[in-house]
Amino acid sequence: MYKFGSITSNISLREKIFSLDLHIVLGVFLLGVISCFAMYSTDGGTFAYHTKSHIVRFFVFFLLFFFVAFTRIGFWYNSSVLIYLLFFLLLILVKYFGLTSSGSKRWLNLYFLNLQPSELMKIGLILFLAKYYHKISPGDVNRIRFLIQPVIALLVPVILVITQPDLGTAFLIAAGGITVVWLAGVKMKFFAYLGILFLSVTPIAISFLKPYQKSRILTFLDPSRDPLGSGYQITQSKIAIGSGGLFGKGFLNGSQSYLDYLPEKHTDFIFTLFSEEFGFFGSVLILAIYILITWRAIKIGNMTRSSFGKLYCFSFATAFFIYVAVNMGMVLGLIPIVGAPLPIMSYGGSSMMAIMLGLGILMSCKIHKDEQLG
Amino acid sequence: MIGSGLSGGESKTVLIGRRMFLLSSAKAIVVLGILGRLISLQINESKKYKTLSDKNRFREWKFAPPRGVIRDYYGKEIASNKQVYQLHVIPENTENMDSLFYRLKNILNLSDEYIFKLNKKIASQKPWDPIIISDNLTWSEFSRINLFLHELQGVEPIVSVARTYHEKSLSHIIGYVSRISKKDLNKKEYLRKMNAAGMRSGKTGLENKLDSEMVGSIGHKRYEVNAYGKRIKEVSIDPGRAGKDFRTTLDLDLQRFSLELLKNKAGSICVMDIYKGDIITMVSSPVYDPNKFVHGINRKDWKELIENEKKPLINKAITGLYPPGSTIKTLVTISALENDIISPKMVQNCKGSIELHGEKFHCWKKKGHGYVNLREAIKQSCDVFFYEVARRLGVDRLSVTSKKFGLGDKVLNGFIEEKVGVVPNTKWKKKYIGKNWYLGETLHTGIGQGYFLTTPLQLCLMTAQVANGGFKINPRIILNKQNEENDLEEYIKAQKESSDNYELNNRLFSRFKYQSLFRNQENIKFVQDALFGATNEPKGTSYRSRLTKKEFIFAGKTGTSQVKKITEQQRLLEIKNEDLPYEQRDHSLFIAFAPYHDPRYSISVVIEHGGSGSKSAAPIAKQVLKKLMERHPLRMSYKNESKEV
Chain A
1 MYKFGSITSN ISLREKIFSL DLHIVLGVFL LGVISCFAMY STDGGTFAYH
51 TKSHIVRFFV FFLLFFFVAF TRIGFWYNSS VLIYLLFFLL LILVKYFGLT
101 SSGSKRWLNL YFLNLQPSEL MKIGLILFLA KYYHKISPGD VNRIRFLIQP
151 VIALLVPVIL VITQPDLGTA FLIAAGGITV VWLAGVKMKF FAYLGILFLS
201 VTPIAISFLK PYQKSRILTF LDPSRDPLGS GYQITQSKIA IGSGGLFGKG
251 FLNGSQSYLD YLPEKHTDFI FTLFSEEFGF FGSVLILAIY ILITWRAIKI
301 GNMTRSSFGK LYCFSFATAF FIYVAVNMGM VLGLIPIVGA PLPIMSYGGS
351 SMMAIMLGLG ILMSCKIHKD EQLG
Chain B
1 MIGSGLSGGE SKTVLIGRRM FLLSSAKAIV VLGILGRLIS LQINESKKYK
51 TLSDKNRFRE WKFAPPRGVI RDYYGKEIAS NKQVYQLHVI PENTENMDSL
101 FYRLKNILNL SDEYIFKLNK KIASQKPWDP IIISDNLTWS EFSRINLFLH
151 ELQGVEPIVS VARTYHEKSL SHIIGYVSRI SKKDLNKKEY LRKMNAAGMR
201 SGKTGLENKL DSEMVGSIGH KRYEVNAYGK RIKEVSIDPG RAGKDFRTTL
251 DLDLQRFSLE LLKNKAGSIC VMDIYKGDII TMVSSPVYDP NKFVHGINRK
301 DWKELIENEK KPLINKAITG LYPPGSTIKT LVTISALEND IISPKMVQNC
351 KGSIELHGEK FHCWKKKGHG YVNLREAIKQ SCDVFFYEVA RRLGVDRLSV
401 TSKKFGLGDK VLNGFIEEKV GVVPNTKWKK KYIGKNWYLG ETLHTGIGQG
451 YFLTTPLQLC LMTAQVANGG FKINPRIILN KQNEENDLEE YIKAQKESSD
501 NYELNNRLFS RFKYQSLFRN QENIKFVQDA LFGATNEPKG TSYRSRLTKK
551 EFIFAGKTGT SQVKKITEQQ RLLEIKNEDL PYEQRDHSLF IAFAPYHDPR
601 YSISVVIEHG GSGSKSAAPI AKQVLKKLME RHPLRMSYKN ESKEV
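The listed protein sequences derive, respectively, from chains A and B.
Take the first sequence: its letter number 103 is residue 103 in this note's numbering, and every next letter is one higher.
Take the second sequence: its letter number 633 is residue 633 in this note's numbering, and every next letter is one higher.
It should be emphasised that the hints constitute simulated quantities derived from the structure, not laboratory data.
Keep in mind that a hint or two might mislead.
EDC-like cross-link-like pairs, simulated, lysine to aspartate or glutamate; straight-line CA separation at most 20 Å [stated by the list, open to error]:
1) 249/A x 224/B
2) 564/B x 309/B
3) 193/B x 60/B
4) 105/B x 141/B
5) 105/B x 156/B
6) 188/B x 418/B
7) 249/A x 574/B
8) 615/B x 574/B
9) 249/A x 45/B
10) 300/B x 141/B
11) 435/B x 417/B
12) 244/B x 224/B
13) 105/A x 260/A
14) 120/B x 95/B
15) 233/B x 43/A
16) 55/B x 43/A
17) 233/B x 264/A
18) 550/B x 529/B
19) 50/B x 260/A
20) 62/B x 234/B
21) 265/B x 583/B
Using C-beta positions, here's what the derived DEER-type ranges look like [to be verified]:
22) 296/B x 53/A: 55 to 65 Å
23) 215/A x 40/B: 49 to 59 Å
24) 215/A x 192/B: 36 to 46 Å
Where is the CB? At the ideal position from N, CA and C, for every residue including glycine.
Put together the whole structure using the sequences plus the hints.
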């Protein structure tokens, strides 16, 4: 009936601006500013490459966020499949034209940006599945026939990313996808089957793992096994965070980071750096902002009428939370080092772009919450 | 269809909401987990991680402090420190030890054997303990290392200090330092905390005795380093504390002069202040170069030192044991007079030998001395006379007197190499040899042969205590405030001036607390006079070595100690001592004090296998005493200067 999304939004820009969720906008802005300072610290207290580049990216993608948010939700609903397919195509392109760095082929050279399509796929998959489950009736959800499409849509990109190889991102893409499927009401038994399948495939999969991936898992199980190898990152990150204490060592005084004990301090370990310099209070502030954003995202989901909106908002909120939890869990030594950036804070354009896109669509759900979708 | 769709949509959203609630609960748990972890890391265990972070940041470089300087009486440096260039490596900071050694091998010309040894050492110690590749680089090696430093990870060129000895003549008394061994760590507790690379500890002599005070305390440099071990900046520096300096009683010039006299001879010369006990010279010949031990002596040099028949490593003054020979006649006389065994008027006819229980006892003079009294017997060193004295005295009484005068005991404190010697008596023989004493052995003991063994320094002390009128003194090498008091000289002067005032004498005696070694001081004076005769009157054994200038006149006693008993056959063939193989020749001994009229110094000279006392030891003693007395005014004037220090 609503095949053609010809309904133009009749909400004025002014109204759109007023209906923005201020918590999220402010939260994102605050994280952006904090991350710029953190980046300044990773550059050793100089206004150098990472800082400059991060500031530019943050503002560019922050604008993208508004642009996406002001675009009516119907557009995003209609183009979800297209977006998914576009990202999928990019993933295929990576396979053939990707850039290799530290043994892994993840990036496409777009001259102004090295794009990491796997990051975008995190959002693309949620969009695609949300639309899929919006369309089918509740009764069909648990029919095997209707499970085939989502499983393929989920597994193919995940496998593509695993083979890059990039275990961390693959896991995060899968986590977002599974969340949508679960929220849509697929029975627990299917997840149980999946779990059994996963467990039985794991030993085979492990044999295909690269040695460094195996060692990461083993090292997580016993960090002291190899304190100067893979365990080094966990150990040094814990030392940095722990030594920060209650109030931290002070801005630009994080000895662990400026003496290069922290690996990948501007990407995956940005939280560690911040935590070392600003202590427990700083860490809790960051955590609180992420919780705020997650909480508002869930709230928006509750407000939205359409099940597409609800599925998207809840799934995005959950995925967003998982990204944060995985990154923090990782740098705090709670889970293995998998290579997952901290949303907004970590240096990296693709991750920033994906998160801003995701948040934008979320905001669009709020602004256009009453819009009827096919 | 639309209707069912709507109701389907409603049930769908309800389901989504319910499941979302479950997810939210899970999120809350995860948040609590993260929060808990943050609390545990940043609050509960923060201290631990702060320490770990500092351990990351800082590297400490410990270095050995300069060792205390040893000076002679006049303030001249004997043992001090010099700057050396060293090369240390911390294995922990090195990525590949083998490739580093390969590079170093080319730069420093290290041998494969040496690298093997270093590798063994690395394996035996902690990875963060530095290992010394070389502790004495030449300047060109040091600058070459610095040139390639950027490609030699973990290598530390270090400017350090090392012990240096200026004076070979003092090698025995000063001793030497060398690398700390496991044995040192067991014995010297203070060394255990001083695990700085390049630390040395004293092995012998004063270096060993004063080690704990001279070693100082180690310093450290603290650097902030980055993850690759590269130094970012120096955080703190503790220069450590230099060891304590010491001034000794030794006279470097006289020491040097004495060594020159002992050139090509094996032997020793000890000179002592008879009032203060100051050891002014203590030289043992031949000497070695203690500097060779500082950085580890090489095998060839070591072999040479060990195989030398003149035993250069032995400090003959305190480790060498010699029968005192005729020099003991001083104590035999004192002991006999003190015990009222004989009177100074005793006369004995010496026919060249006497017989006891079928055994023949010879005098050194084959023809005999004829009728001699006690003074003449000492002067001419008549053995037959002293056989008779000894026979009457008995070995046990002699042993008591000998021990009183310092024989059979250590003269110095803290010299591990010092020997005590043997003062034989009946109990001693029973205990150590397990046999009864024979009277014949008493006769041998009476002329300082047989079991009797003394060190040259003991003989010097014995002479000093005879020369100062029979008072006990405590010999010393180190000058410090503690032993600066109690001036025996002052006491004796006061005693001389008021010798008729018995009360004053007593008062002085109790004030100064000098232990007198006599019952009747006249007996000591008798021996002093007899020794004057031995040196300054014709027929005296050291008459040829006398000094005639009035204020230089000295009194002394020769001694010849047999290394091997002269057989009857040798006596018949009249084989001269010089004709015997070197190691069978007699030791030549001489003891003396000077100046006779105002005694101040005592001397003992021992020349190993030098023949008779009058032949080699006495002429050397004469030269030393002359030089000593020439330098006497200088020493006296310097004393006053130094009191302020």
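Comparing the hints with the structure gives:
Between the alpha carbons of residue 249/A and residue 224/B the distance comes to roughly 16 Å, so the proposed pair stays at or under 20 Å and holds. Straight-line distance between C-alpha atoms of residue 564/B and residue 309/B comes to about 17 Å, which keeps the hinted pair within the 20 Å bound. Taking the CA atoms of residue 193/B and residue 60/B, the gap is near 15 Å; set against the 20 Å cutoff, the hint holds. For the hint linking residue 105/B to residue 141/B, the alpha-carbon distance of about 12 Å falls within 20 Å, and the restraint holds.
Taking the CA atoms of residue 105/B and residue 156/B, the gap is about 16 Å. The hint holds against a cut of 20 Å. Of the pairs offered as hints, the one joining residue 188/B and residue 418/B holds, with about 19 Å between alpha carbons and a cut-off of 20 Å not exceeded. Distance hint between residue 249/A and residue 574/B is unfulfilled; the C-alpha atoms sit about 96 Å from each other, more than 20 Å. For the given pair, residue 615/B sits about 18 Å from residue 574/B by alpha-carbon distance, which is consistent with the 20 Å threshold.
Between the alpha carbons of residue 249/A and residue 45/B the distance comes to roughly 15 Å, so the proposed pair stays at or under 20 Å and holds. Simply put, residue 300/B and residue 141/B have alpha-carbon atoms about 24 Å apart, too far for the 20 Å limit, and the pair is violated. At most 20 Å may separate the alpha-carbon atoms for a hinted pair to count; residue 435/B and residue 417/B exceed this at roughly 29 Å. Between residue 244/B and residue 224/B the CA atoms are separated by roughly 32 Å; this puts the pair beyond 20 Å, and the hint is violated.
The suggested pairing of residue 105/A with residue 260/A is violated, with an alpha-carbon distance near 26 Å, which exceeds 20 Å. Between residue 120/B and residue 95/B, the direct Cα distance comes to roughly 18 Å. Compliance with the 20 Å bound is thereby established for this hinted pair. Distance restraint check for residue 233/B and residue 43/A: the Cα-Cα separation of roughly 19 Å lies within the 20 Å cut-off, and the hinted pair is therefore satisfied. Of the pairs offered as hints, the one joining residue 55/B and residue 43/A is violated, with about 23 Å between alpha carbons and a cut-off of 20 Å exceeded.
Proposed proximity of residue 233/B and residue 264/A is contradicted: the alpha carbons are some 24 Å apart, above 20 Å. Using a Cα cut-off of 20 Å, the hinted pair residue 550/B and residue 529/B holds, with the two alpha carbons roughly 16 Å apart. At most 20 Å may separate the alpha-carbon atoms for a hinted pair to count; residue 50/B and residue 260/A meet this at roughly 16 Å. Under the criterion of a C-alpha separation no larger than 20 Å, the hint pairing residue 62/B with residue 234/B is consistent with the structure, at around 13 Å.
Annotation: proposed proximity of residue 265/B to residue 583/B holds, straight-line Cα distance about 13 Å (limit 20 Å). A C-beta distance of roughly 58 Å is found between residue 296/B and residue 53/A, which places it inside the suggested range of 55 to 65 Å. The hinted range of 49 to 59 Å is not satisfied by residue 215/A and residue 40/B, whose Cβ atoms lie roughly 26 Å apart. Take residue 215/A and residue 192/B: their Cβ atoms lie about 40 Å apart, and the range 36 to 46 Å holds.
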